[in-house]
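Q: Given the coordinates of chain V, work out where chain L should sit on it, guided by the hints.
The listed protein sequences derive, respectively, from chains V and L.
Following our numbering, the numbering of the first sequence begins with 1 at its first residue and continues without gaps.
Following our numbering, the numbering of the second sequence begins with 1001 at its first residue and continues without gaps.
Source of the hints: derived by calculation from the structure; they are not laboratory data.
All C-beta atoms in this analysis are idealised placements derived from N, C-alpha and C, irrespective of residue type, glycine included.
Careful, some of the hints might be misleading.
What the hints assert, rightly or not - Distance windows between CB atoms, simulated:
1) V:D97 to L:H1580: 43 to 53 Å
2) L:I1413 to V:G170: 45 to 55 Å
3) L:L1325 to V:D62: 37 to 47 Å
4) V:A14 to L:G1033: 50 to 60 Å
5) V:G30 to L:W1048: 33 to 43 Å
To be verified - Far from chain V, by Cβ distances over 12 Å, these chain L residues were calculated:
6) F1087
7) H1090
8) P1103
9) W1171
10) A1233
11) L1263
12) K1288
13) G1337
14) G1338
15) I1413
16) A1431
17) M1434
18) K1435
19) L1442
20) F1511
21) T1539
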Amino acid sequence: MFREYIKPAVISFALLTIITGIIYPLLITGIAHVFFHGQANGSLIYRDGKIVGSSLIGQQFDDPKYLWGRISATSPQYNASSSSGSNIGPSNPALIDEIKGRIKALKAADPENTNSIPVDLVTSSGSGLDPQISIAASYYQIPRIAKRRGISENAVKDIIRKNTTGRFLGLIGEPVVNVLKVNLDLETYKK
Amino acid sequence: MNWNSFIQSFIFILVIVILAKPLGIYMARIYIGKKAGLNVWFAPVERWTYKLSGIDPKREMPWKQYAISAMIFNIIGLVAVYAIQRFQSHLPLNPMSMPPVAPDLSFNTAVSFATNTNWQSYGGESTLSYFTQMIALTVQNFVSAATGMAVLVAVIRGFIQKQTETIGNFWVDLVRSTLYILLPLAIILSVVLVSQGVVQTFVPSVKATLVQSTKDAAGKEVLEQIIALGPAASQIAIKQLGTNGGGFFNVNSAHPLENPTPLSNFLEVISIILISAALCYTYGYMVKDRRQGWAILAAMLIIFIPCLLICMHFEQAGNPILNKLGVDQHSSILQPGGNMEGKEARFGITNSAIWAATTTAASNGSVNSMHDSYMPLGGLIPMWLMQLGEIIFGGVGSGLYGMVAFIIIAVFIAGLMIGRTPEYLGKKIEAYEMKMASLMILIPPILVLAGTAISVIIPAGTSSILNPGTHGFSEILYAFSSASNNNGSAFAGLTTNTLFYNVAQGLAMFFARYWLLIPALAIAGSLSKKKIVPVSQGTLPTHTPLFIIFLVMVILIVGALTFFPALALGPIVEHLMMYHI
Chain V
1 MFREYIKPAV
11 ISFALLTIIT
21 GIIYPLLITG
31 IAHVFFHGQA
41 NGSLIYRDGK
51 IVGSSLIGQQ
61 FDDPKYLWGR
71 ISATSPQYNA
81 SSSSGSNIGP
91 SNPALIDEIK
101 GRIKALKAAD
111 PENTNSIPVD
121 LVTSSGSGLD
131 PQISIAASYY
141 QIPRIAKRRG
151 ISENAVKDII
161 RKNTTGRFLG
171 LIGEPVVNVL
181 KVNLDLETYK
191 K
Chain L
1001 MNWNSFIQSF
1011 IFILVIVILA
1021 KPLGIYMARI
1031 YIGKKAGLNV
1041 WFAPVERWTY
1051 KLSGIDPKRE
1061 MPWKQYAISA
1071 MIFNIIGLVA
1081 VYAIQRFQSH
1091 LPLNPMSMPP
1101 VAPDLSFNTA
1111 VSFATNTNWQ
1121 SYGGESTLSY
1131 FTQMIALTVQ
1141 NFVSAATGMA
1151 VLVAVIRGFI
1161 QKQTETIGNF
1171 WVDLVRSTLY
1181 ILLPLAIILS
1191 VVLVSQGVVQ
1201 TFVPSVKATL
1211 VQSTKDAAGK
1221 EVLEQIIALG
1231 PAASQIAIKQ
1241 LGTNGGGFFN
1251 VNSAHPLENP
1261 TPLSNFLEVI
1271 SIILISAALC
1281 YTYGYMVKDR
1291 RQGWAILAAM
1301 LIIFIPCLLI
1311 CMHFEQAGNP
1321 ILNKLGVDQH
1331 SSILQPGGNM
1341 EGKEARFGIT
1351 NSAIWAATTT
1361 AASNGSVNSM
1371 HDSYMPLGGL
1381 IPMWLMQLGE
1391 IIFGGVGSGL
1401 YGMVAFIIIA
1411 VFIAGLMIGR
1421 TPEYLGKKIE
1431 AYEMKMASLM
1441 ILIPPILVLA
1451 GTAISVIIPA
1461 GTSSILNPGT
1471 HGFSEILYAF
1481 SSASNNNGSA
1491 FAGLTTNTLF
1501 YNVAQGLAMF
1511 FARYWLLIPA
1521 LAIAGSLSKK
1531 KIVPVSQGTL
1541 PTHTPLFIIF
1551 LVMVILIVGA
1561 LTFFPALALG
1571 PIVEHLMMYH
1581 I
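Excised from the complex, chain V in its bound form (with noise of 0.2 Å):
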């Protein structure tokens, strides 16, 4: 039983666990950081050698100057170290309360717009931590932001376009805006 069975058990998992458990992620490790320093450490914006935030993950903005992202079902929003989704399902009454609170402060914000609500801005991303929002989603915020800073369209319009990815080869994934990166160069844009 011993030399049969358990004796090569247990030495090739321990072989294994040294192979696939250390080996394995140091080389990538070292691999990561010697090519891709920044991706590997969280992909960080640093502004006056302070840490910003991360290009890849969200923050929470309702203050009408700002772009909004998705909602995030975090405690609190965009609590980048514990990632949660809502879960709410598609007939849950709650998903209609959370859709109604957020186009409120929407129409609160900017009572003129009457344009139909893109629906990523309504609804809570997979993560909590979403770092983007549709072009239409971001298009719809253009002349709220623009009245609160006293800027034209177009200089956001620009800003947004300038923080735009389009598909990779043009064809997989989808267009998207990345909402921390809008927000850092509309506080540094100069009239």
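A: Same frame as chain V, now just chain L:
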């Protein structure tokens, strides 16, 4: 759905079919022991592993010895994962000072990873140390996958050998699967993932100063964002390739640091079924009739493609309740539209639906969107793909040996219908094989339905439900469909980190894995002993379109009849209520 949805689906399937052949041939050569590059260059590593472990790679095992070896190896893994979680606070690489994991949760996670399920009752970034993620989970991601592949190879040997008592050496199949197939693919994938922004580091979480401060639930001002990091890419690569699916972060591949871009998503979703699809080719190559491999791949695709499109259709159609609120759900060049609750903007509907269908067809269980928030019929598809028994691609190895059980049943039924002795690949299918194949087909549904039935009766089961009404029932049905077929994805609104669910799901995962693995090896042993009957006028061909369709029908009838009543109580009722009341 727009033209782009179809193009993306088409590219995805095309890439899989194109890659299946070269990878399939490569894997076959590894298992047969022919030269294939890596197994020449790294032969010393393999040799030393055998030498140190006291393994004689030339010694073949009868099926019982093969099964005992596999079981002992898996149980050692299970104990190791349990122990590491319990003692993680005393172990190194714990920069965030995670406390020991609770016993019931440790049990659940240990079974989950040893059985290639990777059900996540834990939240990765909030529960586990880097040490646990690497030494416990990443290792199981490799070896549980390799176990499935080893068993498949043993089953294939059952068909190609004649009048032999043995079915190969478990240790050799295990080590070769890990060293020459899983490891190199994982290395390539993880490097590409890092280039896209998947984190791979040992530094603790970083603090970012928020651009706009926000408030927490208690109304206190929050000025900082703590961003969890870790050695994620190396684990994500193998959890995708080995049909494991246990994410580094709580929300799995919906997390932007686990799956940041459309390219990372494309590669991760391909990795889910790459090996399972290629093993079909390996199968054809090894039985020396490649048409048999293509036939199985075709049968899988015939079920898979419509499921993918149906799921995508219902998600793209969106939620009828939202239309009344003045929300724009139409897809256009500016937005994906559809049911975006629980989905990420960069994936939209198309890539979320492709992933949902793929991760449940293969027993991967990673997610890039929250299945609980899918439309009723959009969510029915992933649930049903699991209930079919994880044989449409399925787990690496396990999916194909599960499919072989269905082929045996199909051949037997066809034999009865046309009055011929059932044979498959020259082996007579007799009572013993039928009994074992029936076990493999019956055990998962029993676990799914009994587990669901018990959970909806007792308060410990129902108190975990998040969504009210029929959707709550769907959450429980989904949970047991997932655990009892070793998938690992969830309708995650259900709170499963409770004593009841941790234990019940743990047992379901355990029995689902090993009560299928052992009969599969028994079939291999029994077939290996038989003669090969030469092809004659009376042989039923098993590579023709007729047989492929017949096989698909057998799978659909078994799957549909077993689960229709339960599905009717969950997603189907919910759909009817949403659209017609």
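Q: Confirm or reject each hint.
A: Results of checking the hints against the structure:
A C-beta distance of roughly 23 Å is found between D97 (chain V) and H1580 (chain L), which places it outside the suggested range of 43 to 53 Å. For I1413 (chain L) paired with G170 (chain V), a C-beta distance near 48 Å keeps the hint of 45 to 55 Å intact. At about 20 Å, the CB distance of L1325 (chain L) to D62 (chain V) disagrees with the hint of 37 to 47 Å. In this structure the hint that A14 (chain V) and G1033 (chain L) lie 50 to 60 Å apart at CB is violated, the actual value being about 25 Å.
Checked against the hint of 33 to 43 Å, the pair G30 (chain V) and W1048 (chain L) fails, with Cβ atoms roughly 23 Å apart. The beta carbon of F1087 (chain L) sits about 15 Å from the closest Cβ of chain V, which is more than 12 Å, so the claim that it is off the interface holds. With a least CB separation of 18 Å from chain V, H1090 (chain L) remains clear of the 12 Å interface cut-off, as annotated. Annotated as non-interface, P1103 (chain L) keeps its C-beta farther than 12 Å from every C-beta of chain V; the closest such distance is 22 Å.
With a minimum CB-CB distance of about 6 Å to chain V, W1171 (chain L) fails to clear the 12 Å threshold, and the non-interface call is violated. Its beta-carbon lying about 6 Å from the closest one in chain V, A1233 (chain L) breaks the requirement of being farther than 12 Å from that chain. The Cβ of L1263 (chain L) does not lie farther than 12 Å from every Cβ of chain V; its closest approach is about 5 Å, which violates its non-interface assignment. At roughly 31 Å from the closest C-beta of chain V, the C-beta of K1288 (chain L) stays outside 12 Å, upholding its exclusion from the interface.
Against chain V, the non-interface label of G1337 (chain L) is violated: not every CB pair exceeds 12 Å, the least being about 6 Å. In this structure G1338 (chain L) is not separated from chain V by more than 12 Å, as the shortest Cβ-Cβ distance comes to only about 7 Å. The Cβ of I1413 (chain L) sits about 39 Å from the closest Cβ of chain V, beyond the 12 Å cut-off, so the non-interface label holds. Remark: the non-interface label on A1431 (chain L) is consistent with the geometry, its nearest Cβ contact in chain V lying 30 Å away (cut-off 12 Å).
For M1434 (chain L), the requirement that its beta carbon stay farther than 12 Å from each beta carbon of chain V is met, with the minimum near 30 Å. The non-interface label for K1435 (chain L) is consistent with chain V: the shortest C-beta to C-beta separation is roughly 27 Å, beyond 12 Å. With 12 Å as the threshold on Cβ separation, the claim that L1442 (chain L) sits away from chain V holds: the shortest Cβ distance comes to roughly 29 Å. The claim that F1511 (chain L) lies off the interface holds: its Cβ sits roughly 21 Å from the closest Cβ of chain V, which is beyond the 12 Å cut-off.
Here T1539 (chain L) stays apart from chain V, with its beta-carbon at least about 40 Å from theirs, past the 12 Å limit.
Hints 1, 3, 4, 5, 9, 10, 11, 13, 14 from the earlier list are contradicted by this structure; the remaining hints agree with it.
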